[in-house]
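Chains as they are written, first to last, in this note's numbering: chain D, 1 to 347; chain Z, 348 to 550.
Bear in mind the hints are in silico, worked out from the structure with no lab data behind them.
Ideal Cβ placement from N, Cα and C applies to all residues, glycine included.
Just so you know, not all the hints are guaranteed correct.
Output of the computed footprint for chain Z on chain D, the stretches with three or more beta carbons under 8 Å from beta carbons of chain Z [to be verified]:
1) 111-122
2) 131-142
3) 154-164
4) 234-246
Here are a few chain D residues that sit away from chain Z, every Cβ distance over 12 Å (derived from the structure) [what the hints assert, rightly or not]:
5) M10
6) K72
7) N85
8) I125
9) A127
10) G167
11) V174
12) L205
13) V285
14) I289
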Amino acid sequence: MTETFISWGMDPTWAWGVATICGILLIALPLMLSVAMIIYADRKIWAAIALRRGPNVVGPFGLLQSFADGLKVFLQETIIPTSANRGLFLIAPIITFTVALMAWAVIPFNSGAVLADINVGLLYILAISSLGVYGVILSGWASNSKYPFFSAMRASAQMISYEVSIGFILIGVVLFADSFNMNEIVKAQIGHGLGIVNAFGFNLLLFPLAVMFLISSLAETARAPFDLTEAESELVAGYQTEYSSMSFALFWLGEYANVLLMCTLNAILFWGGWLPPLDWAPLYVVPGIIWLFAKILLFFFIFSWVKATVPRYRYDQLMRLGWKVFLPISLLWIFLISGYLMLTRYS
Amino acid sequence: MIQLFAFYLFATIVIASAAMVIFARNPVHSVMWLILAFFNAAGLMLLAGAEFIAMLLVIVYVGAVAVLFLFVVMMLNIDFAELRAGFVRYLPLGALVAIILVAELVFAVGAWQAGGVDLAARAAPAATDTSNIQQIGELLYTRYIFLFEAAGIVLLVAMIGAIVLTHRQRGGVRTQNISAQNRRRPEDATRLVDPGVGQGMEL
Numbered sequence: 001m002t003e004t005f006i007s008w009g010m011d012p013t014w015a016w017g018v019a020t021i022c023g024i025l026l027i028a029l030p031l032m033l034s035v036a037m038i039i040y041a042d043r044k045i046w047a048a049i050a051l052r053r054g055p056n057v058v059g060p061f062g063l064l065q066s067f068a069d070g071l072k073v074f075l076q077e078t079i080i081p082t083s084a085n086r087g088l089f090l091i092a093p094i095i096t097f098t099v100a101l102m103a104w105a106v107i108p109f110n111s112g113a114v115l116a117d118i119n120v121g122l123l124y125i126l127a128i129s130s131l132g133v134y135g136v137i138l139s140g141w142a143s144n145s146k147y148p149f150f151s152a153m154r155a156s157a158q159m160i161s162y163e164v165s166i167g168f169i170l171i172g173v174v175l176f177a178d179s180f181n182m183n184e185i186v187k188a189q190i191g192h193g194l195g196i197v198n199a200f201g202f203n204l205l206l207f208p209l210a211v212m213f214l215i216s217s218l219a220e221t222a223r224a225p226f227d228l229t230e231a232e233s234e235l236v237a238g239y240q241t242e243y244s245s246m247s248f249a250l251f252w253l254g255e256y257a258n259v260l261l262m263c264t265l266n267a268i269l270f271w272g273g274w275l276p277p278l279d280w281a282p283l284y285v286v287p288g289i290i291w292l293f294a295k296i297l298l299f300f301f302i303f304s305w306v307k308a309t310v311p312r313y314r315y316d317q318l319m320r321l322g323w324k325v326f327l328p329i330s331l332l333w334i335f336l337i338s339g340y341l342m343l344t345r346y347s
Numbered sequence: 348m349i350q351l352f353a354f355y356l357f358a359t360i361v362i363a364s365a366a367m368v369i370f371a372r373n374p375v376h377s378v379m380w381l382i383l384a385f386f387n388a389a390g391l392m393l394l395a396g397a398e399f400i401a402m403l404l405v406i407v408y409v410g411a412v413a414v415l416f417l418f419v420v421m422m423l424n425i426d427f428a429e430l431r432a433g434f435v436r437y438l439p440l441g442a443l444v445a446i447i448l449v450a451e452l453v454f455a456v457g458a459w460q461a462g463g464v465d466l467a468a469r470a471a472p473a474a475t476d477t478s479n480i481q482q483i484g485e486l487l488y489t490r491y492i493f494l495f496e497a498a499g500i501v502l503l504v505a506m507i508g509a510i511v512l513t514h515r516q517r518g519g520v521r522t523q524n525i526s527a528q529n530r531r532r533p534e535d536a537t538r539l540v541d542p543g544v545g546q547g548m549e550l
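Make the full structure from the sequences, and use the hints.
This is the structure in C-alpha cells:
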C-alpha cells in the first residue's frame, strides 16, 4: 500500500505512516463489525442446538441484535465500586480490548496482505496473547471483590498453563514450515498433504497437534467447556461481575475478538490459511481472503457447537489436561517431529 | 528520524517507569510500572535489530515472570508502614550497594572506551545475511554449546530443587483418581429396581 501512496506523490515516510494507519483501520473496523455479527451467529447457533429461536426481534432475523445491545451498553452509566482501585479498574478492560486487536497486525489475509510482515510473526502472537492475562488479573484485583478475584486467579492459572502447551505446538508447526513468518508458514503448506492438499493438518505427524491446538485455543479464550472463569453457578459473572456499560462491553468485544483470532490461527497454522483446500489451479481463482474467512467461520462454528454441547470441566480436570496430558504429549511430539525432519529433510 | 524519536520515547519511558517502580506506593502499581519498563526495553531491542530477543523479553518477562510477581504481590498483605520504618537504618547499606554498582558501570564503560580488551576477537562474528533466530541458534548450538547445556542443567537442578523443597506427602488427603472416574460406568453407580407395593427396598 505504501507504494500506492508514494506514486500519488507523497514523501516515503509520510506514505508509510498513512499506509499503516489505513491498514490498521482496514483491519480493526471490519473486525469490530464481524465481532458484532459473530456474537449474533454464536447466539443463533447456540439457540438452534437447544431448539430455541435465538435473537429474532431486532431487524430482519434479529440481525441487528448486537448493534442494539451495543447501543444499550453505550448509553448506560459506568459504575465504579467505591472500594475499587479506580485507575486499574478502568485500565483492565482497555488492556483486554487493545491486546485482542494488536495480535491481528501479523495475520496474513492473502499473499502479502498483512499489516506487519515481520519474521518473528508467530512469536509476536505468543507475546501478545501472553498479555491478555493482565486484563483479567487486574480487573479481578481492582474490583476489590471476592468473586472477581477468585475468577482472576483461575483465569490466569488457566491461561498460563495452556500457553505452555500452545508454545510447544507452535514449535512443531515452525519446525515443519522452517519459518516464524506467518506468510511463510501458509506458503509452506502448499501441497503438503499427498502433494495436493494445502494443509499441515493432513500430515499424520501434525494432526494430533492440530487437535490439541483446537482444544488449547478453547481453553486459552476461556470458552466452554473451559469457561471456569465465568462459571455462573460458582462465581456470579467472574471477573466481569463489577463491570457495567462500556467497560463491560470492552471485555465482551475483546473476548470475541480473541475467539476470532484463535479460529484464524487454527486456520492459518494447520489448515492452509488463505490457500484453497486443494492445490488445484481453478480453486485459486477464488480470492484467498474468501478461503480464509470460510475456514475461520468453520472453526467458529466448531467453537459454538462445543459451547452448546459439552458440559463444563471441573477445575482439577482442566489443570490435569493442561499439565499432565497436553504438555508431555506436545513435548514428545517436538522430539518426534524433529527426529522425522532430521531423517528426511536434513539428512 | 522516526528511529531517533522512537529511541528517545522508549528510553525515556524505560527510565521513568523504572523510577516509578520504586516510587509507587501501591505494590501492584509497582509491578505494572515494571511491565511498562519491560515493554519499552523490548522496543529498544527492536530498534537495535534484535527482534527475537525483544519478543522473548515480552514472552518470558511480561508473560511469565511479571505475572508471578503480580500473583505474589496481590496475595501477600504487605505492610508498607513497616517497610518504610527501616528506611534510614538500611540507607548506608543501600547507598554502598548503589555506589558499587555505579562504579562498576563507570569501569565497564571506561574499559570499553579505552579499547584495552580486544572484544572483536572474543565475541563471535555476527552473520548479517540470515535472520536473528538463525544467528542465535547457530551460535548457541555450536560455539556456545557447553555454556548453553550448562545453563540448562543449572535450571533443571533449580527446578528439581524447588519441587523437592515444596513437595511433601500428607496423610489423610483425599485426591481425585481420574482413571477410576473415567472407568466408572452407569452400571457401577446406578441400579434399577422394581419394588412391589408397600415393600420398600434395601439400599
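Taking the hints in turn, this is what the structure says about them:
{"no.": "1", "hint": "111-122", "in the structure": "holds (count 3)"}
{"no.": "2", "hint": "131-142", "in the structure": "holds (count 6)"}
{"no.": "3", "hint": "154-164", "in the structure": "holds (count 3)"}
{"no.": "4", "hint": "234-246", "in the structure": "violated (count 0)"}
{"no.": "5", "hint": "M10", "in the structure": "holds (15 Å)"}
{"no.": "6", "hint": "K72", "in the structure": "holds (32 Å)"}
{"no.": "7", "hint": "N85", "in the structure": "violated (8 Å)"}
{"no.": "8", "hint": "I125", "in the structure": "violated (10 Å)"}
{"no.": "9", "hint": "A127", "in the structure": "violated (4 Å)"}
{"no.": "10", "hint": "G167", "in the structure": "violated (8 Å)"}
{"no.": "11", "hint": "V174", "in the structure": "violated (9 Å)"}
{"no.": "12", "hint": "L205", "in the structure": "holds (22 Å)"}
{"no.": "13", "hint": "V285", "in the structure": "holds (34 Å)"}
{"no.": "14", "hint": "I289", "in the structure": "holds (27 Å)"}
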